[in-house]
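Enquirer: Chains as they are written, first to last, in our numbering: chain A, 1 to 269; chain B, 1001 to 1234.
Heads up, a few of these hints could be off.
Claimed, not checked - So the derived list for chain A, only partly shown, Cβ under 10 Å to chain B, looks like this:
#	residue
1	W41
2	R161
3	T162
4	S164
5	L202
6	R206
7	D252
8	D253
9	Y258
10	V266
In case anyone wonders, no lab produced these hints; they're calculated from the structure.
In this text, all values refer to a predicted model and were calculated from it rather than measured experimentally.
We put the beta carbon where it would ideally sit given N, CA and C, even for glycine.
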Amino acid sequence: MTNAAMAMTEEGLAEPLLKVNDLRKLYAPGKGVDGVDFELWPGEVLGIVGESGSGKTTLLQCLSGMLTPDSGQIEYTGKQGDKLDIYKITESQRRLLLRTDWGIVHQHPRDGLRMGVSAGANIGERLMAIGERHYGTLRSTGEAWLREVEIDTARIDDLPRTFSGGMQQRLQIARNLVTQPRLVFMDEPTGGLDVSVQARLLDMLRNLVVDLGLSVVLVTHDLAVARLLSHQLMVMRGGKVVEQGLTDQILDDPQHPYSQLLVSSVLTP
Amino acid sequence: MTVMIQVTDLNKRFTLHNQGGVSYPVLTDVSFDVNAGECVVLDGRSGSGKSTLLRSLYANYKPQSGQLHVRHQGELTDLVTATPRQILNIRRQTLGYVSQFLRVIPRVSTLEVVMEPLRALGVDRETCRGKASGLLRQLNIPKTLWHLAPSTFSGGEQQRVNIARGFVVDYPILLLDEPTASLDADNCAVVVSLIQQARERGAAIVGIFHDAGLRDQLADRQIPLTSPAKEEAA
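Produce the entire structure from the sequences given, and follow the hints as far as they go.
Expert: Rendered as structure tokens:
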């Protein structure tokens, strides 16, 4: 069976959601992103690992339309099967994508939440941005999403700054998923959370990815998180991809010296 | 007879770049076929590359050269050159892998752990639950444990949960890495009967069993493996 035929029977869509071709954004030699290629299919999670300064976050910013690359293409397949070259479409088209089809989960919830408005308003904002005005609907959707991310609905009118770090992170996820995005970018979503809170968040993310059929680009430095959530893995160093492929194959049989170093440096409790 | 697995001139070598670049071959020009309804046992002493071969057959290890064809939806596909996406699809539908170690995920109940591979095929929850419960019962996991996450279970219990998970889907190909190691006689007999049932429904099975009695009982054929590196050292 050909690739295309397999995709048809499997996901009902014969093409990748995101196609990245020779993407470059260099601040200095070895700093930034130096030639990245990949395809992300519907329902797939791509993990990006590598040391600090390897270009992971720059790559994520380029992919999510926040940082114009020096060269290369990012092609996104829209809901109607239309092909959008992310840096050739207009600024307003790009902003619409960011509000509807895409979600971005920042490492620090403060970067992704509006700290001055209530939890409910944080969830409702993206819905209002796409035209939902009915207060009752906004309120009930807000409550439903709080339940989904395991936050007590009695907290709906509280400000996010009265929430713990783990709750803020879950609120940020709810805020992103409320418009049912097809593609979510996550930058170290579990960084800075203690392990019990991490486990809960990971379990939640794993279920959401499966239930909603989300595609995710996940930047993490935690190999266990990468193994749990991602199908494909990309190992970056100095802006270049040193190894790319099936997650468990790279973690269990790394080929590149740097991937081997990364895998063998992890402490197992 | 349908060929389900076709291994041709397979070579696998490990190079440890951070340990002085030591490089040693584990599999050298390995070739064999396995047909549907056949149980083939890999034979060789510890370190001869049995698990390496089995992991390569699951695309968990990456061979340097050769071909590893498995029959997926009627056609032979080479795992050495397949894309990650193809491999995941082949694993979901065609390839089952059972070892003695369960990879525990925090907060996920035993029943969910066992149901998961079947759920991934889009089978409805009730059917999945029915099949998973049946296997857990057969493998003597007390019902009181089904709704707990297996992280606190004993080694033997985790192992049996993993076996239930491996047999919940009727995979056309089963790879078994010592599934019965350290199980008591009763549970071992249950696993043997699961393997025999799989063979009878036409699964191609490749296994590693250290117990000689079990090997004779299950093997239609044995494939001897000798690791060149270890031979040289000897």
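Enquirer: Does L202/A pass the interface check with chain B, least Cβ-Cβ distance below 10 Å?
Expert: 8 Å, holds
Enquirer: Just to be careful: measuring from the Cβ of W41/A to every Cβ in chain B, is the smallest value less than 10 Å?
Expert: The hint holds - W41/A has a Cβ within 10 Å of chain B, the shortest such distance being about 6 Å.
Enquirer: Interface hint check: S164/A, Cβ to nearest Cβ on chain B, cutoff 10 Å. Holds or violated?
Expert: 18 Å, violated
Enquirer: Hint check: is the beta carbon of V266/A less than 10 Å from a beta carbon of chain B?
Expert: Constraint on V266/A not satisfied, violated at 13 Å.
Enquirer: Min Cβ distance, Y258/A to chain B: is it shorter than 10 Å?
Expert: Holds. Min distance 8 Å.
Enquirer: Tell me if the interface restraint on R161/A is satisfied: Cβ within less than 10 Å of some Cβ in chain B.
Expert: 27 Å, violated
Enquirer: Quick one, is the D252/A hint okay against chain B at 10 Å, beta carbons?
Expert: D252/A check passes; min Cβ-Cβ to chain B is 5 Å, inside 10 Å.
Enquirer: Hint check: is the beta carbon of T162/A less than 10 Å from a beta carbon of chain B?
Expert: 26 Å, violated
Enquirer: When the nearest CB of chain B is found for D253/A, is that gap smaller than 10 Å?
Expert: At 4 Å from the nearest chain B Cβ, D253/A passes the 10 Å test, so the hint holds.
Enquirer: Does the nearest C-beta of chain B fall within a distance shorter than 10 Å of the C-beta of R206/A?
Expert: Since chain B brings a Cβ to about 8 Å from R206/A, closer than 10 Å, the hint holds.
Of the numbered hints listed earlier, those contradicted by the structure are 2, 3, 4 and 10.
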